[in-house]
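With the sequences and hints as input, model every part of the structure.
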Amino acid sequence: QCLPPVLTMAAGMAYKDPWVLPIDKKQQADDARRRFAGESCSDHIALLNAYDAWERLPAGARRDFTFRNFLSGKTLEMMQDMRRQFLTLLQNIGFVDDKSGNPLESH
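Going by my numbering, the sequence shown opens with residue 1, and the numbers climb by one from there.
No farther apart than 20 Å at their CA atoms in a straight line, the calculated lysine to aspartate or glutamate pairs in the DMTMM-like style are these:
no.	residue 1	residue 2
1	16	43
2	74	17
3	16	81
4	26	64
5	16	52
6	16	77
7	16	55
8	74	55
If you are wondering where the hints come from, they were derived from the structure by calculation, not from laboratory data.
Structure representation (structure tokens):
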């Protein structure tokens, strides 16, 4: 399924970068971002992987995850809300099935 990653990328581009770059820990922050990018060296893949990892965590573990990986929890929460809004909009215009969340075949 390609819709969930597309929603994440759209939310990431529509809001602000969730990466935190403290001046005194810039190298560690860059390293964290590269770990999420993997061999792709892509900022978009890094964002997708970081968001997915954060979203899979229980709410109680997310704060430590964001701190360790130089991410803004508030920004990730905003992205999560934007993803829901985008999905609702796609459902409202008939592009996505209301029940399954899957794109409809006719589009």
